[in-house]
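Sequence order for the protein chains is A and B.
Using this note's numbering, read the first sequence as starting at 1 and increasing by one per residue.
Using this note's numbering, read the second sequence as starting at 1 and increasing by one per residue.
A hint or two may mislead.
[Said to hold, decoys possible] Where chain A lies over chain B, by a calculated footprint (3+ residues, C-beta under 8 Å):
#	region
1	29-43
2	46-58
3	63-77
[Claimed, not checked] If you want a taste of the chain A side facing chain B, the calculated C-beta under 8 Å gives, among others:
#	residue
4	Gly42
5	Pro43
6	Leu46
7	Ala48
8	Leu102
9	Phe104
10	Gly105
Please keep in mind that the hints were generated in silico from the structure rather than gathered at the bench.
For glycine and all other residues, C-beta sits at the position ideal for the given N, C-alpha and C.
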Amino acid sequence: GQQLNQSPQSMFIQEGEDVSMNCTSSSIFNTWLWYKQDPGEGPVLLIALYKAGELTSNGRLTAQFGITRKDSFLNISASIPSDVGIYFCAGLDILTGGGNKLTFGTGTQLKVEL
Amino acid sequence: EAEVAQSPRYKITEKSQAVAFWCDPISGHATLYWYRQILGQGPELLVQFQDESVVDDSQLPKDRFSAERLKGVDSTLKIQPAELGDSAMYLCASSLDRGNIQYFGAGTRLSVL
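Isolated chain A, as found in the complex:
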């Protein structure tokens, strides 16, 4: 199935550094979501974006919905060890048949060095 392209694929950073990752799509989405997944667990929602150009923060996390509606980025400021995990972007489509579809990115694995 279709997946969104995320970059970088993985990052190894020092504690306290800022982190930036992005997500691009060939299709337009009306809602962008960012999830974090720890090993052996399900994805946990971090931020939801509903409008092109929107910039939203959640604590040390900031995400933006690209104005073309085909991309989004996530920034994490002052990283800490518990930020370790895999970050997924996801685009939400409302389908004409009445359902909706969440298309996930390929994931960015974040590792933090103490």
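Assemble the complex: chain A is given as a structure, and chain B must be docked to it using the hints.
Same frame as chain A, now just chain B:
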């Protein structure tokens, strides 16, 4: 805090056996989703329910997979017979209604030997 409950957390089975996974969505959530996540990839939707009705099962391999949500609350996903390539994490999610934010359970990790 309300959660999506899934069981079992882990399942090991031999190929050609039948397996079943159970999901209890957040109370009041009308829409329920089953996803499959292969290691190193993002989740991919298998089937979506609105109350007790299937609204999208276009990605469900119907020759061996089945899903039901008989009373519009909890749901079961079944694989019969299991194949080696079915080894993956099976995630359940729910949302208040279509188009709303999806909340995920912890998943069932399936290993087919």
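In ascending order, which of the hints set out earlier in this document are inconsistent with the structure? 3 and 6
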